[in-house]
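Protein chains: 2
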Amino acid sequence: MQNFVFYNPTKLVFGKNTVEKIGEYLKKDNVKKVLLLAGGGSIKKNGVYEKVVRSLVENGVEKIEVWGVRPNPVLSKVKEAISVAKNENVDAILAVGGGSVIDSAKAVAAGVRYEGDVWDFYSGKAKVKEAMPLYAILTLSATGTEMNGNSVVTNEETLEKFSFSSIHVYPKVSVVDPEVQYTLPQNQLVNGAVDAISHVMEYYFDGEEVSLTDRIDEGIIKTIMQTTEVLLDDPKNYDARANFALSTTLALNGVSGLGHKGGDWSSHAIEHALSALNPDVAHGAGLAVVFPAWMKYVYSQAPERFVQFGENIFGLKDCKPEEAINALSDWYKKIGAPTTLKELGFKEEDIEKLTEIASKMAPMGKLKKLERDDIKKILEIAY
Amino acid sequence: MQNFVFYNPTKLVFGKNTVEKIGEYLKKDNVKKVLLLAGGGSIKKNGVYEKVVRSLVENGVEKIEVWGVRPNPVLSKVKEAISVAKNENVDAILAVGGGSVIDSAKAVAAGVRYEGDVWDFYSGKAKVKEAMPLYAILTLSATGTEMNGNSVVTNEETLEKFSFSSIHVYPKVSVVDPEVQYTLPQNQLVNGAVDAISHVMEYYFDGEEVSLTDRIDEGIIKTIMQTTEVLLDDPKNYDARANFALSTTLALNGVSGLGHKGGDWSSHAIEHALSALNPDVAHGAGLAVVFPAWMKYVYSQAPERFVQFGENIFGLKDCKPEEAINALSDWYKKIGAPTTLKELGFKEEDIEKLTEIASKMAPMGKLKKLERDDIKKILEIAY
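Residue numbers (this note's numbering), protein chains in the order written: chain A, 5 to 387; chain B, 5 to 387.
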């Protein structure tokens, strides 16, 4: 087991009828005015927006709104929100939406307190030293951003999709009400499942073995699989919705990586090239394609891990690593996720371009160090 | 799944050579002088004390020492330490030891900032409203106190062993170096295993079913069982020691009870009567006796949970609840834990006295509400 420091100061407020409590939490922290950051309007349809506004009013919290954060969020929107936050003298950011909104809000929270270009945090030119307090209401369980310090944003000008991580942008309070997700489109559920499973697998296959964390990680993955299947048939099953939501939070709040090497994020890095080149590719859909391809390329580094995965996740006794990987792909197919680059609309000639973009991060990887050539081969397998 | 708020602000610093970092953490938080609270002297034998002192000196942190916290810690020692902390104007408490030392330190941290009698927190007469910052170096993995707000202390005068819980006494930083536990006596390892397994089971059997938490809880229990067996043969096996330590922390830091009803703490309450009447009874040893007796008395409330427990922990297919309970008792026997009150030195006539003490907390319990009579019957089964 590797040495580690676990510190997660986010207060997770989880369950039914919790959205309407946000005003109380803000008031308790003496917040007078928030920037409410949101996406394309789904929170008006599912009733979340109305509950938030009522709760803010009841607790005497003013707000200014910025709308239009899109999936695979972009830098220009972040900059727009930073400028509004500065001009309006808000004292906290309130993100209401899915991973894109919360990730953008983290950049806003840090950017407001930084003189330079907020992209510096993503490019690695600067480290976050402070941030405005951030509060979040999660409406789409997938990325785990509600309980960590990670933010991923795309720079539309350079086609770079980069991330930063900082203790200063952990939400102070994150509200997760599984009921607000009853009306999510099925493909968002599926993409969320794939994304969260991938987060756990990045740790599971980073070359370290921690027996307790293995049991936890296998438990998270199995719970996501079981509940996804239930929810595809029965979207308003509360217990399934709640277990799914909680699993996706734990998939990336530090617990799933305890004692590990920090995870092998190659698949995520390669996937980011897909959605940078084509912003219509959902992150989860991209991962369903890239992750099994990565596994096929690297499993010989630790075949016994893949055998354990096959046995403990899929009940395959004495399987070969390839069988475990195929079982994962088959399950992705079963729930309606794409499994090839072709299905995502990419053409063979795109492989070169994707390799180009992904290789900006090379060398990458822990289980196997990947250079440009390795990345290209993985993309070919994925095609 | 029940609604919940998860908030755990303790920074867990885990791994090899971490004890010597304590001074840096204190310095970073601007602590100038600590009250170092310790037990009977084992930290001088295992080298922990020397490392702590060196680290404090190197970081310019003054200290005043209070020694002599004993297993099943007592109120008089807490009061002595509060008085020293007040007179010496320390600005933080540093607990170096096992659960008794850290539990006592929590009372000191809260007591220093309270005008009344610190016992008020235990009796329920007062709530903790603030506390001095608390830092901990754990030398015996068992109770989970290093990452929660619980404190259990015995009032020697009234023979009451009561607890309080407060967000204000979560340690700011807890250091867990598994290597310092290489020299622990085997019975302390065994008692720690039983205590931590019991913590998980209190949630597991509280009448709520949360599929993700079930998988996590079963993973914690199985990891404790596997690593205990390894450590009884090979006390310096780092991976086993580290997985054991991490499991005991997660057993009571909130993760094992996610979405549950707060746990059914009847067995703990009944056990406290044992060690209140005879302070030489270790908490873990008492639990090894009481918990299976409680299970036998209550399993008919939720037989399917006990069947699941038997299958997922012990691999018993289609077992009866009693078989699952017996498997647990058998495993306790196997590792050298007592399984009857007789083995703990109690006599048949003590049952009445134990019932008397435990019944002060009655009615208690969630899976089944226990009155005085029920408690007596459980103690009879335990005898």
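Calculated from the structure, these hints are not laboratory results. Among the hints, erroneous ones may be present.
It does not matter which identical chain is used: a pair holds within one copy or between any two.
[Said to hold, decoys possible] BS3-like cross-link-like pairs, simulated, lysine-lysine; straight-line CA separation at most 25 Å:
# : residue 1 : residue 2
1 : K265      : K240
2 : K133      : K25
3 : K25       : K337
4 : K131      : K32
5 : K265      : K226
6 : K90       : K373
7 : K226      : K321
8 : K36       : K300
Checklist line | Identical-chain pair category, K265 with K226, by Cα at 25 Å | finding: Classified as both: same-chain Cα gap 22 Å, cross-chain 23 Å, threshold 25 Å.
Next item on the list: Measure nothing new, just compare the shortest in-copy and cross-copy C-alpha distances for K25 and K337 to 25 Å and report within, between, both or neither.
Entry: neither (39 Å within a copy, 49 Å between copies)
Item checked: Status of K373 relative to K90 across identical chains (alpha carbons, at most 25 Å) -> neither (42 Å within a copy, 56 Å between copies)
Note to self: At most 25 Å between CA atoms: does that hold for K265 and K240 within a copy, between copies, both, or neither?
What the structure shows: between (38 Å within a copy, 22 Å between copies)
Checklist line | Homo-oligomer pair classification [K300, K36; C-alpha up to 25 Å] | finding: neither (53 Å within a copy, 55 Å between copies)
Next item on the list: First find the shortest C-alpha distance between K226 and K321 inside one copy, then the shortest across copies, and answer within, between, both or neither for a cut-off of 25 Å.
Entry: both (17 Å within a copy, 20 Å between copies)
Check: Between the shortest in-copy and the shortest cross-copy C-alpha distance, which are at most 25 Å for K133 and K25: within, between, both, or neither?
Finding: between (30 Å within a copy, 23 Å between copies)
Check: Should K131 paired with K32 be assigned to within, between, both, or neither, using CA atoms and 25 Å as the limit?
Finding: between (30 Å within a copy, 19 Å between copies)
Of the hints listed earlier, those the structure fails to meet are numbers 3, 6, 8, in rising order.
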